[in-house]
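The hints should help you fit chain B onto chain A, whose structure is shown.
What follows is each chain in one-letter form.
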Amino acid sequence: MSDRPLICSTCRCPLEEKRVDFEYLGHTFFADAPRCPVCGQVYLSEELVKGRVAEVEMQLEDK
Amino acid sequence: MNDFRAQLAERCMQNDPPPCASVCPFGLDIRAFAGHMKRGAFSAAFRLYRDAVAFPGIVSRLCDQPCGGACVFSGRNGAIALRDLEAAAIAHAPNINPNRYSLPKRPKRIAVIGAGPSGLACALRLASKKYEVVIFEQEERMGGSLWSLLPEEVFMPELERQFMFEQAVFRFSSPVSSLAQIDADAVYVATGAQGDRFGLELSGGGACASGADGLFLGGELTGGTVMEAIADGLLAAKAIERYLKIGSMNEPLRDWSTRFHPDPSLLPYTPPAPRTGEGVLTKEEAAAEAGRCQQCQCDACVKYCDLMRSYRKYPKRVEEEVATTIEPVSLSRKARLATRLIATCNHCGLCKQVCPVSLDTGAYLLDSHRRMVEEKAMPWAYHEFWLRDMEFSTGDASLVINAAKGGRPKYLFFPGCRLGGSDPQLVLDGFQVLLEREPESALFLSCCGAPAEWAGEEALHQRTVQYFAQVWESLSRPQVVFACLNCRQELARHLPQAEGISLYELLDRWDLPAVQLGGGQAAAVFDPCPSRDFPEAREAARSLARKAGFRLEPLPLEGEHAQCCGWGGQVEIANPKYAEGVTQNRIEASPLPYLVYCANCRDVFRRRDKAAAHLLRAILPGGEAGGLWDGSVPTATQSRDNRRWLKHQLLLQYKPEEARLMDTPQTGAPLLIAPELLEKMNLSYLLREDVELVVESCERTGKYLVNEETGTRLGHAMTGRLTVWAEYRNLENCRELVNVYAHRMQIMEGMGNV
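So the sequence lines, in the order shown, correspond to chains A and B. For the first sequence, the numbering used here assigns the number -10 to the initial residue and increments by one for each residue that follows. For the second sequence, the numbering used here assigns the number 1387 to the initial residue and increments by one for each residue that follows.
Extracted from the complex, chain A is given alone in its bound form (with noise of 0.2 Å):
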């Protein structure tokens, strides 16, 4: 999925790179991710979710 196009459809552009801020169990953090370089909308692929985004949460919950 990742290297389809995606448009948001509010903005009808490409998404791009950029900072994405996260939350989870009262630690904040940020990683790059695609962007709607206009209003925002994220993009986190599956790929992404199950990979490292799972792997983060596993360690944060065992810390």
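The set of hints was computed from the structure by calculation and includes no laboratory data. This one's a predicted model, so the numbers in the text were calculated from it and none came from an experiment. Positions of the beta carbon are idealized from the N, C-alpha and C atoms, including for glycine. Possibly wrong hints are sitting among the right ones.
With a straight-line cut-off of 27 Å between C-alpha atoms, the simulated BS3-like cross-links for lysine-lysine are [claimed, not checked]:
1) B:Lys1494 x B:Lys1624
2) B:Lys1669 x B:Lys1494
3) B:Lys1963 x A:Lys52
4) B:Lys2066 x B:Lys2041
5) B:Lys1669 x B:Lys1515
6) B:Lys1762 x A:Lys52
7) B:Lys1702 x A:Lys52
8) B:Lys1631 x B:Lys1491
9) B:Lys1762 x A:Lys39
10) B:Lys1494 x A:Lys39
11) B:Lys1424 x A:Lys39
12) B:Lys2089 x B:Lys1689
13) B:Lys2066 x B:Lys1963
14) B:Lys1796 x B:Lys2041
15) B:Lys1516 x B:Lys1624
16) B:Lys1515 x B:Lys1494
17) B:Lys1702 x B:Lys1738
18) A:Lys7 x B:Lys2089
19) B:Lys1791 x B:Lys2041
20) B:Lys1689 x B:Lys1424
21) A:Lys39 x B:Lys1791
22) B:Lys1963 x B:Lys1702
23) B:Lys1491 x B:Lys1624
24) B:Lys1424 x B:Lys1669
If you only want the chain B side, here are some residues facing chain A, beta carbon under 8 Å, derived [claimed, not checked]:
25) Arg1661
26) Arg1726
27) Val2092
28) Glu2094
This is chain B only, laid out in the frame that chain A set:
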């Protein structure tokens, strides 16, 4: 919370020596020794033994084996032959010479009076630590009482061997008349039975300590046997070293006493093998003899509890780690290492059941879970799904039906939330049977509150129990009939005034027309863990199964030792691998099909394809199509649908006007979900309604991502605290789900620009 720590300190016997070692004058670690021998590690066994007794060649011949009398198998005349094992360790160790250590000399001088077994042991130990040791002996030879106990050619080479690398000065034919003539920093008087005491007495304030600083005495002089004399010598060496280092005469007295007395009937017993020869045991014979040793340790908790066994932690260790997790020393959350452990307890109660002093590690973990929730330190994801499910059970799916004409029912059937989710027809059938026998009955669909208790959500738990209490009071306190023993246990603990009975007891008492579904087939009754508290329910379940024609065979652990199926505590989100492993362990306990009387046990076993059926399904007529043992397991979504269906059916029968209110019209286009995606959603604890909510939110706000190639739309929304992503495509009159996934971390919108 500190109570548990105090209880552990006072009562836990995990560190108590086994009975054999507790009577050994040397306190030999017999467990470890037997362990080495068992696996043929004769060198390791020998070194352990030599370090404990100083003169292995002498002790292995002279010891009168008090360990044999204390051995758990002594009652069967089958005590482990430890002295034979010791001799075998010496015979089969590749090298029995002492080690030669090159250490700096210590500038302290110790005098030992008497070159008998005790004096020699003390001298050897101190000389090996490179103290300057002088031994005064009135005879012209060393050995003392050994001369009357062993042939010279046995003990003399052993003494010489042990001293071969040590520099001790022997002054033979040197009687000491007064300690004043001795120039030393410490003195050990070991002049043998009836020897000279030089006016010294044991002070009792420390091992071998006299009342005078630096002067010690022991061995046969103070009444010990020759074995105790050697042990005294070794202990005196420790006491002297302590004195030389810190100036105090308070080396702890020898105390290897134990409170731990294993029950021989619980230990596998192998009788001793017949001896083939007169001499030393062969390597194989020695390993076999050591193999009979059970290395007794108070370890029932780690043996039986899946959690403690898999984490390899005894209760003391659990307490230490949990205590620092609840109250981390640092203010950051970095010290909360045992969070997942706390959230992994099945709360089955087996740890307390098997503990000889009834220590309740499970209750401690539950308390700790509550504390973590109060501190907002428990990850919400572990229980949110279950708490939402409980909210559904006590809310949308809840219902009270009072069929009693007089308004005051005799029985209140409380099937619990899970049976209706798993097999709603059984709830209807069960209620029907109840009504046939006792028309003055009512039914209450709700939840007992266990999910809130397991989640550590105490206030919510209280409210849920309170809700139950209100309904029960409003029906004038009928007897509660439980289909789920978890509910039975939960309410017996938190609403003890509500009299309860299991449905199984009633059905057994009523002698229903037996449906001979069993047909002589062998099966095992799998007791749910809360049945531990309800022997009468366990008996009724077995009686019903027999009446239904099953030939019952026992499981390795059942009844009061019932083990959790893996579902208890709802730990499968916190620790999915653990929950799966527990279920697999239970499945492997027997190849027989399981008759269960808990819907959760049934569902977890069926999910892993174990032949299992709910006992009610086997004894009540009708029911689902297909074989008894291979019933399907509902997904999380179906479990909710089942409960809605159940409520609807009951409403149609008893309150048709309310039934109509449940028929909510479909809003928006229907979402088609392929079976593979339904299964994927189920494994991720996602409900159909959660995914529909995401799709509807995308369509309503017009905010989503478009894949221009495929035309699919992708968007996310939060259900509870979970972020769910749904990819879908709009078709004519409906939508089709293409993919779905979810994560726990939250995307902070509107923060990425600065």
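Outcome of the hint check:
| no. | hint | result |
| --- | --- | --- |
| 1 | B:Lys1494 x B:Lys1624 | holds, 14 Å |
| 2 | B:Lys1669 x B:Lys1494 | violated, 44 Å |
| 3 | B:Lys1963 x A:Lys52 | holds, 19 Å |
| 4 | B:Lys2066 x B:Lys2041 | violated, 37 Å |
| 5 | B:Lys1669 x B:Lys1515 | violated, 33 Å |
| 6 | B:Lys1762 x A:Lys52 | holds, 14 Å |
| 7 | B:Lys1702 x A:Lys52 | holds, 22 Å |
| 8 | B:Lys1631 x B:Lys1491 | holds, 15 Å |
| 9 | B:Lys1762 x A:Lys39 | holds, 26 Å |
| 10 | B:Lys1494 x A:Lys39 | violated, 67 Å |
| 11 | B:Lys1424 x A:Lys39 | violated, 47 Å |
| 12 | B:Lys2089 x B:Lys1689 | violated, 55 Å |
| 13 | B:Lys2066 x B:Lys1963 | holds, 17 Å |
| 14 | B:Lys1796 x B:Lys2041 | holds, 21 Å |
| 15 | B:Lys1516 x B:Lys1624 | holds, 14 Å |
| 16 | B:Lys1515 x B:Lys1494 | holds, 11 Å |
| 17 | B:Lys1702 x B:Lys1738 | holds, 14 Å |
| 18 | A:Lys7 x B:Lys2089 | holds, 19 Å |
| 19 | B:Lys1791 x B:Lys2041 | holds, 15 Å |
| 20 | B:Lys1689 x B:Lys1424 | holds, 20 Å |
| 21 | A:Lys39 x B:Lys1791 | violated, 57 Å |
| 22 | B:Lys1963 x B:Lys1702 | holds, 24 Å |
| 23 | B:Lys1491 x B:Lys1624 | holds, 17 Å |
| 24 | B:Lys1424 x B:Lys1669 | holds, 10 Å |
| 25 | Arg1661 | violated, 55 Å |
| 26 | Arg1726 | holds, 6 Å |
| 27 | Val2092 | holds, 5 Å |
| 28 | Glu2094 | holds, 5 Å |
Checked against the numbered hints above, the structure breaks hints 2, 4, 5, 10, 11, 12, 21 and 25 and satisfies the rest.
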